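Here's the letter readout for the chains.
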Amino acid sequence: MNDDTRTVIRRVLREHARLPVDVDTLGDDADLFAAGMTSHASVNLMLALEDAFDIEFPDRMLTRGVFDSVSAIAAAITELSGDGEPSAAGGGT
Amino acid sequence: MSVPADSERGLLEAVRRIAEEVAAAAADDVDRNARFPAEALEALRGAGALSAAVPEALGGQGASLETIARCCFELGRRCSSTAMVFAMHQIQVLTIARHLDGAPWFESYLRELHQEQRLIASATSEVGTGGDMSRSIAAATPEGEGVLSFEKQAPTVSYGAHADDLLTTLRRTPDAEPGDQVLALTKSGQAELEPAGAWDTLGMRGTCSPGFLVRARFASEQVLAAPFAEVMNQSMVPLSHILWSHVWLGIATDAFERARAFLRASARRRPGEPLPAAARLSHVMAELTLLRGEVSQALHDFQADDVDDRARLMTMASVLRFNNLKLAASEHAPSVCAGALEVVGIVGYRNDTPYSVGRHLRDALSARLMVANERLHATDAALLLIAKEP
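Listed in order, the protein sequences are those of chains S and L. So that you can map any letter, position 17 of the first sequence is 17 in my numbering, and since no number is skipped, the others follow by simple counting. So that you can map any letter, position 327 of the second sequence is 327 in my numbering, and since no number is skipped, the others follow by simple counting.
Hints were generated in silico from the structure; no laboratory data involved. One should not assume that every hint holds.
[Stated by the list, open to error] Quick list of simulated restraints, FRET-style, between CB atoms:
#, chain 1, residue 1, chain 2, residue 2, range
1, L, Asn324, S, Glu50, 22 to 28 Å
2, S, Arg6, L, Pro174, 49 to 55 Å
3, S, Ile55, L, Ala57, 16 to 22 Å
[Stated by the list, open to error] Pulled from the structure, derived: some chain L residues nowhere near chain S, Cβ distances all over 10 Å:
#, residue
4, Asp180
5, Arg280
6, Asn324
Since the structure is predicted, the reported quantities are computational estimates derived from the model, not experimental observations. Built from N, CA and C at the ideal position, the CB exists for glycine as well.
Construct the complete structure from the given sequences, taking the supplied hints into account.
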């Protein structure tokens with residue numbers, strides 16, 4: 001599930017984030033803004049993510065920090081869709 | 001605007017007195033000759049007002065944003081240029097104070113700023129970025145042994161030739177993307193400002209804001225460590241819009257007061273005679289009331305978020321909120337001034353009467369261009385597609 005989520009996020013990033021580099025050259029924790037994503041492109045990214053995952057980001061989540069890496073986006077989507085693996089459930093953390 | 005605490009009342013009183021006695025007396029000359037309001041700035045230094053926003057722990061007054069905003073308003077009523085210089089300086093000081101995060105160099109800098117009443121200008125715009133403050137071309141370039149340098153073409157640096165120090169946006173490194181920025185503070189001996197043209201403008205003539213080619217060498221600890229996106233969204237942008245708006249409200253308020261004084265004088269000369277311009281002034285007052293409401297509500301909203309949860313200032317809803325303050329204030333302040341001019345008529349159009357409001361109108365028209373309103377509308381247009389609350 002988590003891998004699928006990340007695959008879809010990377011597809012959306014490729015189509016909407018207008019990064020100057022190939023998204024596959026970036027790790028899950030790489031800072032997308034430092035990699036060249038503009039504020040304007042980040043809005044398109046958010047819209048496309050809402051569409052791809054059929055979710056709505058509430059205002060409190062609409063900040064740069066929530067969208068600044070593949071991992072951060074995956075965490076936000078997991079929180080919203082409620083069906084990802086809640087990290088506490090595994091007891092490992 | 002509520003009454004500030006006792007400790008801050010003294011500051012506000014001192015600034016109000018300087019506004020009335022020093023800034024007002026020089027305002028026409030400052031405007032006519034497009035010269036820096038040196039006497040008002042000297043008086044503000046004498047009152048210790050340049051370190052009003054420096055925390056008490058670092059020797060300053062630790063004045064509240066409300067008191068500083070009120071000072072901007074009082075100065076704006078008497079000399080727009082003095083008020084804008086004061087506002088911009090306070091924005092730089094507040095930005096540093098709010099984000100220095102215990103950094104020793106910046107702490108000792110603020111102590112020094114208090115002792116010497118140093119004035120900070122900023123070079124945040126850049127030739128080639130199309131007015132977008134969130135992108136830089138000039139880069140912090142390592143020169144070895146902890147020394148950095150930069151060369152930046154700044155299209156406007158307000159009071160650049162009159163400031164002691166300079167706060168500049170730069171790319172983090174020569175390899176960094178345009179949006180990967182940092183803020184660097186350079187001191188007078190470290191930066192060389194080569195003027196690129198003169199400052200002969202419609203209004204805000206005393207801010208002396210020509211372009212400069214800035215070259216600087218400085219220590220790496222003079223770069224603020226906090227992420228620039230945080231500094232911009234939590235401080236620089238909302239504080240700019242709030243303090244600028246207080247200046248513009250001050251300008252509009254004085255234009256209204258002049259129109260009212262003109263009508264009162266007319267009414268006293270011919271008691272009982274109809275005064276059609278009074279109805280026009282009533283319209284102007286209604287607009288000024290709206291403007292005042294928005295300016296003070298925005299300050300209130302900022303303080304609520306700032307105290308409650310500063311991260312909320314990072315949301316798009318917050319960006320929209322303070323963009324809307326700027327749009328509203330920059331449209332209504334010149335409109336109030338134009339309304340006042342219609343009330344006073346030719347006596348207000350002349351530059352040499354107690355009821356002149358031409359300077360107010362010219363100064364207030366700058367508001368739409370300080371970060372072009374069309375740029376803010378373009379940003380808002382994108383954000384409102386994704387933000388949820390109105």
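Comparing the hints with the structure gives:
| no. | hint | result |
| --- | --- | --- |
| 1 | L:Asn324 <-> S:Glu50: 22 to 28 Å | holds (23 Å) |
| 2 | S:Arg6 <-> L:Pro174: 49 to 55 Å | violated (32 Å) |
| 3 | S:Ile55 <-> L:Ala57: 16 to 22 Å | violated (45 Å) |
| 4 | Asp180 | violated (5 Å) |
| 5 | Arg280 | holds (41 Å) |
| 6 | Asn324 | holds (15 Å) |
Comparing the model with each earlier hint shows violations of hints 2, 3 and 4; every other hint is respected.
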